[in-house]
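Asker: Sequence:
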Amino acid sequence: MSFVSAWAIATKQELGYVDENYQPILPNFDSGSLFPGKMLPCIPAGLGREKENFELYKIVTKMFYFDKSKISSIRERARLDDSSLLPSKVQSISGLIGKAIIDVHVANPENPNTYTIIQAVNIRKRTVPPLPDNQFGNLYILSSFQSAVGPERVASLATLVNYLSKSVKGVVDACATVLSPGKESQTMISHGVYELMNSLSDPNMFLAASISSWSKFPYYDLADFGWGKPVWFGVPNICWVCGV
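The numbering of the sequence shown is our numbering, which starts it at 54 and goes up by one.
Worth flagging that the hints you see were computed from the coordinates, not collected in a lab.
Hints should not be assumed to be uniformly reliable.
Calculated cross-link-like contacts (lysine-lysine; reagent style BS3-like; alpha-carbon spacing at most 30 Å) [as the list claims (entries may be wrong)]: (1) K65 <-> K222; (2) K269 <-> K219; (3) K65 <-> K115; (4) K142 <-> K123; (5) K282 <-> K269; (6) K178 <-> K269; (7) K142 <-> K121; (8) K142 <-> K282; (9) K219 <-> K142; (10) K142 <-> K115; (11) K121 <-> K282; (12) K178 <-> K282; (13) K123 <-> K222; (14) K65 <-> K123; (15) K282 <-> K219; (16) K115 <-> K269; (17) K219 <-> K65; (18) K269 <-> K123; (19) K115 <-> K222; (20) K269 <-> K121; (21) K269 <-> K65; (22) K142 <-> K178; (23) K222 <-> K269; (24) K142 <-> K65; (25) K111 <-> K282; (26) K269 <-> K142; (27) K111 <-> K178; (28) K178 <-> K222; (29) K219 <-> K123; (30) K219 <-> K121.
Just so we're clear, the structure is a prediction, and the values are computed from it rather than from any experiment.
Start from the sequences, fold in the hints, and give me the full structure.
Answerer: Shown next, in the form of structure tokens:
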């Protein structure tokens, strides 16, 4: 985000909209020194752009809009009981969409009934010492959980969101040691990804949802290049199975 913000300010300085003496917070590009390469094999992600993959998979993209009142209602439905804390907006909406995917998938008894839900977690400010917001790079770790559903075991919204919340909390707690010296800490992120990919290779497992949230990235406030604030931000055209 700091890269986009600094770029926008530099553009407005050229246009005379911002004091040319103002110095924005510049991005820090030394993330490679924090996580040096380990010459590990490539991790497969998403779907290739080859023609045969488009013939094999039916790619469908949908966008859903939830207003504030609907989000509040979903959060209430997503809590385990009246004494539980309200789950976050992101986890509540993610659980709702994940549940819909699971319900459709297991409606066919020939499909696997064990599922995985993945969420990307930003590690900035969660490490010890904390990484600043202007640290540039894909600085995230994956949280995930697996469970099973069936005719006698329906995936409830509250249960899904509770699993999701617990898995994220576990990863957030582990983030404190990511920058600690030692091989185990340095490879924590990559090993977690490999373990996840291995579990997804099980023919009895299916990926219900792969979740990422931009809700805390202030693009709408900071990404003004001189012609007004953006009205919509989206992700690149990447083929990804069950991406949320």
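Asker: Each hint: holds or not?
Answerer: How the hints compare with the structure:
1. K65 <-> K222: Measuring from Cα to Cα gives roughly 40 Å; hence the hint is violated.
2. K269 <-> K219: Holds - the C-alpha atoms of K219 and K269 are around 20 Å apart, at most 30 Å.
3. K65 <-> K115: With Cα atoms ~35 Å apart, K65 and K115 exceed 30 Å; violated.
4. K142 <-> K123: Distance of about 11 Å is within 30 Å: holds.
5. K282 <-> K269: holds, 17 Å
6. K178 <-> K269: holds, 13 Å
7. K142 <-> K121: holds, 10 Å
8. K142 <-> K282: holds, 24 Å
9. K219 <-> K142: Holds: K219 and K142 sit about 15 Å apart, inside 30 Å.
10. K142 <-> K115: Cα-Cα ~19 Å, so holds.
11. K121 <-> K282: Holds - the C-alpha atoms of K282 and K121 are around 21 Å apart, at most 30 Å.
12. K178 <-> K282: Measuring from Cα to Cα gives roughly 27 Å; hence the hint holds.
13. K123 <-> K222: With a Cα-Cα distance of about 25 Å, the restraint between K123 and K222 holds, given a limit of 30 Å.
14. K65 <-> K123: Judged against 30 Å, a Cα distance of about 37 Å means the pair is violated.
15. K282 <-> K219: violated, 36 Å
16. K115 <-> K269: Holds, because 22 Å separates the two Cα atoms, which is no more than 30 Å.
17. K219 <-> K65: violated, 43 Å
18. K269 <-> K123: Roughly 20 Å between the alpha carbons, so the hint for K269 and K123 holds.
19. K115 <-> K222: holds, 29 Å
20. K269 <-> K121: holds, 16 Å
21. K269 <-> K65: With a Cα-Cα distance of about 24 Å, the restraint between K269 and K65 holds, given a limit of 30 Å.
22. K142 <-> K178: The given pair, whose Cα atoms are some 20 Å apart, holds under the 30 Å limit.
23. K222 <-> K269: With Cα atoms ~17 Å apart, K222 and K269 stay inside 30 Å; holds.
24. K142 <-> K65: violated, 34 Å
25. K111 <-> K282: violated, 35 Å
26. K269 <-> K142: holds, 11 Å
27. K111 <-> K178: violated, 39 Å
28. K178 <-> K222: holds, 14 Å
29. K219 <-> K123: With Cα atoms ~24 Å apart, K219 and K123 stay inside 30 Å; holds.
30. K219 <-> K121: holds, 25 Å
Checked against the numbered hints given earlier, this structure breaks hints 1, 3, 14, 15, 17, 24, 25, 27; the rest are met.
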